[in-house]
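Below, each chain spelled out in residue letters.
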Amino acid sequence: MTQITKRNANKFLKNEYDELVKNHFEWNIRVLESGSKPHSIVNGKEVIMMCSNNYLNLSNHPRLIQGAIEAAKKYGAGSGSVRAIAGTLKLHMEVEKRLARFKRTESALIYQTGFAANSGLIPQLVGDGDIVISDELNHGSIIDGVRLTKADRAIFKHRDMGDLERVLKDADRKYRRILIITDGVFSMDGDIAPMDKIVKLANEFGAMTYVDDAHGEGVIGEDGRGIGSHFRIEGKIDVEMGTFSKAFGVVGGLIAGSQDLINFAYNKSRTWLLSGSHPPAVSGAQLAAIDVLETESEHVKRLWDNTKYFKNELNSLGFNTGESETPITPVIVGDSSKAKDLSNRLFDEGVFALPIVFPMVARDKARIRTMMNAGLTKNDLDFALDKFEKLGKELSII
Amino acid sequence: MSEKIGFIINPIAGMGGRVGLKGTDGVLDKALQLGAHPVACQKAEEMFREFSTLSKNHNNLLWVTCSGVMGRTVLEAAGMKNIQIVYSPSGDTTTAHDTQTACKRFLDQHLDLLVFCGGDGTARDIYTIIDKKLPLLGIPAGVKMHSGVFGINTYATAKMLLEFINKRLTIGDVEIMDLDEELYRKGEWKVRLFGVARGIIEPTYIQVGKACFESVSDEEVKDELAEHVKDELEKYKDWLFLFCSGGTIDSIAKKLHIEHTLLGIDAIYQKQLVGRDLNEEQILALLKKYPKAKILLSPIGAQGFIVGRGNLQLSPTVIKKIGIDNFIVVATPSKLIHTPLLRVDTGDKKLNRLFVKQGYFMVVIGYRLSRVVRLQTNSF
Ligand SMILES: Cc1ncc(COP(=O)(O)O)c(C=O)c1O
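Quick note, the sequences are listed as chains D and G, same order.
What the first sequence shows, in my numbering, is residues 1 to 398, in sequence order.
What the second sequence shows, in my numbering, is residues 1 to 380, in sequence order.
Simulated from the structure, these hints should not be mistaken for lab results.
Every residue gets a Cβ at the ideal spot worked out from N, C-alpha and C, and that includes glycine.
Only true hints are included.
Ranges of calculated distance between the beta carbons of each label pair, as one might list FRET restraints:
1) D:N10 with G:E232: 34 to 42 Å
2) G:V356 with D:K14: 54 to 62 Å
3) G:H338 with D:W27: 26 to 34 Å
4) D:R173 with G:G264: 26 to 34 Å
5) D:W27 with G:Y290: 53 to 61 Å
6) G:N57 with D:D382: 34 to 42 Å
Build the full structure now, drawing on both the sequences and the hints.
Right, dumping it as structure tokens:
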């Protein structure tokens, strides 16, 4: 029998990877040998960590570690099932109850990740004959969620309320349901969505509001309660979505809102229904994280003290730090290659911060994005500032 | 591998402006009498100097050009190396004929790009020969630049050239516009689409990972637009659709297997062509037969016109019959980057005010995806 090779089924894997490498688009994964710490060992080198989302350094907090250990000892390593069938532990329910209390909403629901929350819930909220209206800089997980809907999609200019109103006016005449989705804190620039105005406009037009507060929870608002608290509109945003993977220092997506929302969400989100639930250790740590936020206000305070100090010093050195209002501080350097250079040189000097380049940001707005950590000391920050000053001068940025 | 780039100047372009003439097509003698000086060479040299400063290494580029003021002089003055001459004009003053003969030579040279310096008239002369066979980039030197092939100034053009060489910009459709110069000199402003050339455009990016983007080709974007329009045709089964002129609409029509007139307005009913290259009268007659109609248009030219004085078929009467609500404006995102505003000038003040009142269009930029683009209604 002769064998006919119809096609090479796997050839594209190598071809496409090679293409990425050729264009320098591949990810070179850096390995943390130390865990995510303010001083981490990355690829064998000790660096000051300025690109983790571990804003409050809670991933290293003894109460969280203890919470994880105890839950694992008591309930085992895994949960055994998806939430809907036999994978809902009492511990999961407890986290949700405590989360709702923390967020000051009627109810809350935990997803496996923030990504699973966005991509699972958004497609259920709108369908044929509806429209989703998005800020042009929304996070990729929102974009993916939106792609899964049958609804029409419209984009408004970043944080531009005039533009949003125009879209709403147009949509008002044509659609059944209108859903406005925005990031709360935008992760590239560190600026904040004008949620108070968005909610006001939404009410005028009978639109639903959905905020992805991944970078706002644990960071802005009273004791890190997030964007609702920041604008004093708690309970007025229809869907507050977030994640335990950033300031909370663990992992896991979340939504907070009305009981109606939660009932709807867990009965309809395919990611929630069809994927295993969190292991007890995760839930134990989540519970401890909420405890810590409710009882130890010093972490959020230290994060902001550090942020203000670092931003001010960068500005007085002559760096352009953009429009940031949060612990995400971009250091805008201009050209993409300059940003990459600076990031590499910083790493060699012991500061770990990633470059953000075109097309994530405009061609002439390439930057180093620094993310503050409450665990960094003033000495650490001075060390980092020193390196920024030295390299900034060498690369003629300042 | 080094790029091979063609370069040609229309040395008399841009001369009319200084002496109060709008363009030099047909009135060159008068311009010279009035004491006009060549500005095209100066603009071109400026562009190449900016390019030199921006690009650290351009010695591996090969320049294919014409002798004297039609190319070589400027390239040398700006310090370019590796110059190859493929055409020499015979007389002292150069004409459109020289431009076109040179372009025929360029076609045999396997160029990566043809850079030219001139105005809309020069762009038309070149496009007539080159068509879509070579991508074009225009250094603006003429009096009026409505065509999409031009950079907005010499610096922007230098940057586009560099980014093209660095493969950060790609090739896509751009419009060549035609302004009636005879009328323009009399103070009347009438511009229309002349053709669709290949030019340098900003690629469209979609996010495929957290910090990972993929550029999508203009073709793929137009596939999405076509898919969107197909849905509309199916949704509004008993409506007449007027497909207006331009490269974007033309691509959409082709993808839907509908015959289409690139430079004119066609009528489509239930996916069949029911009227080709229509004038106002014919459109009005069709609107009697099909009272429910939608109009599909795309901004054309560098100024983002969707309805302008040039589109005489889309008269105020036609627009009022169809209604602004039934405009479907489509555009590729790469085009919108350079067209932050849409422009409308119907020639009817009252109707213009209706557009002003609306203030914007929701422009379709992908499959069931739209964004707000503001409207400017004055002429300029
Ligand atoms: C704005 C935003 N939304 C959602 C996510 C996804 O969250 P998670 O890590 O929990 O999947 C992220 C994190 O990458 C984010 O930055």
